[in-house]
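So the sequence lines, in the order shown, correspond to chains A and B. The working numbering numbers the first residue of the first sequence as 87 and each following residue consecutively. The working numbering numbers the first residue of the second sequence as 57 and each following residue consecutively.
Rather than coming from a laboratory, the hints here were simulated on the basis of the structure. Worth double-checking, as some hints may not be accurate.
As the list claims (entries may be wrong) - Below, computed lysine to aspartate or glutamate pairings styled on EDC-like, alpha-carbon distance capped at 16 Å:
no., chain 1, residue 1, chain 2, residue 2
1, A, Lys-258, B, Glu-208
2, A, Lys-258, B, Glu-244
3, B, Lys-417, B, Glu-208
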Amino acid sequence: MNGLTFDIAHMLAGGLVLVSFMLLYQDRLYALLNVYALHALVLSLSVAWQAYVQDAPHLYVTAAIALVFKAGVIPIALHRIILRLGIHRDIETVVGIGMTMLAGIGLVALSMVVMLRVTPDADPLAREDLAFALSVLLLGLLVMVTRRNAIGQVVGFMALENGLVLAATGAKGMPLVVEISVAFSIVIAFVVIGIFLFRIRERFDTVDIAALDDFRGERR
Amino acid sequence: MIAAGFQAETAVLVIPIVAAIVLALLPSYRVTAQLNVAASLLTFVAALSLFVIERPVPGEYLFVDDLNIVFIVLNAFVGLTASIFSASYVGHELETGRLTAANLRFYHAMYQIMMFGMNLAFVSNNIGLMWVAVELATLSTVVMVGIYRTHEALEAAWKYFILGSVGIALALFGTILVYMAARPVIGEGHDAMVWTLLVEKAADFDPALLNVAFVFLLLGYGTKVGLAPLHAWLPDAHAEGPTPISAVLSGLLLNVALYVVLRFKILLAASPDAIAPGPLMITMGLTSLIFAAFMLYRRRDIKRMFAYSSIEHMGIIVFAFGMGGPLANFAGLLHMVMHSLTKSAIFYAVGHIAQIKGTQKIADIRGLTETHPGLGWAFLVGVVAIAGLPPLGVFMSEFLIVSSTFATQPLLAIPLVFGLLVAFGALILRGTGIAFGEPTGSTAPSNASYLPIYAHLILVLGAGLYLPPPLVGWFQHVARLLG
């Protein structure tokens, strides 16, 4: 593999980590969704580049799914849900932005240390991809735990799934089954979440998870 | 004959999926409840036939071996009794208006999809497909947990969904890492995800990569097993969903995740330089056991209490498999079967109790043996069994686990026995409180069938008194497979 293809792949995967950091400090729902759309766009570019580099045309399908579905349909649908339900547009975060960013840096460092150490023999592209993918996954997890809002958590979850797609495409020649299943699981996840949000709206005036927490079964 | 084997293998998958479609289309709930039972019965017959007919050669996607056949048959059996219980349970829910006919149509279709997902996880020979199947089974139970649409049910389903998805995401990352480890040895493509091939070649895999992969897999699927500290979804999901689903969650779905962990444990054991998975599993198992044992005392909700008891028993089982060796593995397998049977029987009983008394609060249920002797005594036997008293089957498996631990690692037996005793105290305390005392609540007789409860308890009692030698031989063989 020549230097340029590697550099571009590296840049795109690194870009995904960067956008994950951007997700961390958003405190408005719309802004969060926009950054998520950007996240999915970078992912789609990264996957498309991998498809080109690995000469694996089936990966273009994954890239297209990321582009159309995750960067387009889902953010728009969530926008409309927010409008329809009249959800409060500020996001309450559990800890301050500064602490969250520091934790994020720590997680990225952790994933670099873990993944680069255990894969000395793998080819450099796959290796770096895995390390980046783990970072994206952990940052998605961090987004989930620092948001009280249901939509914030969903976005965190989807960012986490993007990390998984990055890992799956980085693993050269991984059977298509898995990519499709990842995309498919997102579809299902979204249907489920859609139903959930709807039902939650039926009963509550808020999609804030904290409101749900008030109804702990133990305290009845 | 081999063709017949292949047919049986696909039948356990095709029957539920066809049934799900039919059930989704039929409007009448009476017919669908019975069809649900019929489909589960057919699946059970197909699963049983796997014992007698010759097995097909492991395919690229599906296979049957000595390990998963135990799980398939157990799954189909509890699936069958749960569908019988469910038929009488949902009838009552419809009368009281907690569920509508449209809900039920959805519920029955989802029930079969869940059975399909679990069976697929068992028979899949491809680690990617296995992951998809576990995910499918999880998602179908998520929507069933939320079916009552109350505040509590929605919270439980949401929590289950979020935690389950995070777990499943970690598991997928682990799966990808296993593929990465296998690729240099087996080559690119499908073959590097076929479990039977992976095990053959595991000795040549990069051990460091396998180690990291196993940690992700254990954490990921461990969330679904309900191991502490990743168990938070489990009590809510059990307490707020319909009781047949609680029974299936405890009795079957936890086993599915456990089965997948075992598959990867075998893979790791085949690689000499990889870390031993034992200590990790022992630690998580003991933590779950002791944590859940103490949590049992503070429960006020009857279904929640037995959910914690499931965490406790899953901890014991994971501990046993972590100890390894033929005896501990044998005990772990036996305990898993006994726990599935006993716990689902208890949930059936609890479902009837909650419907008769109209409450799930432990404090409001008293003197059950006086008002409903058939149900009350069966419930008490179930509690005694799950607490681990002789002569029931759970006692035997727990005894084997404790004695094998004493033989190999005496120090580890101390926290194990401690946890068992603490849990024992809580269960007997609450169980006798419910069974005896001044009767409270409704004394109206119930016309529900207690057959599924009795069938399970008789099996558990039978296994405690006498295990047929062929069965013992079979279990021993599987225990050796587990390494």
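Against the structure, the hints come out as follows:
1. A:Lys-258 / B:Glu-208: With Cα atoms ~44 Å apart, Lys-258 (chain A) and Glu-208 (chain B) exceed 16 Å; violated.
2. A:Lys-258 / B:Glu-244: holds (7 Å)
3. B:Lys-417 / B:Glu-208: Given that 16 Å is the threshold and the Cα spacing comes to 15 Å, the pair holds.
The structure fails hint 1 only (numbered hints given earlier).
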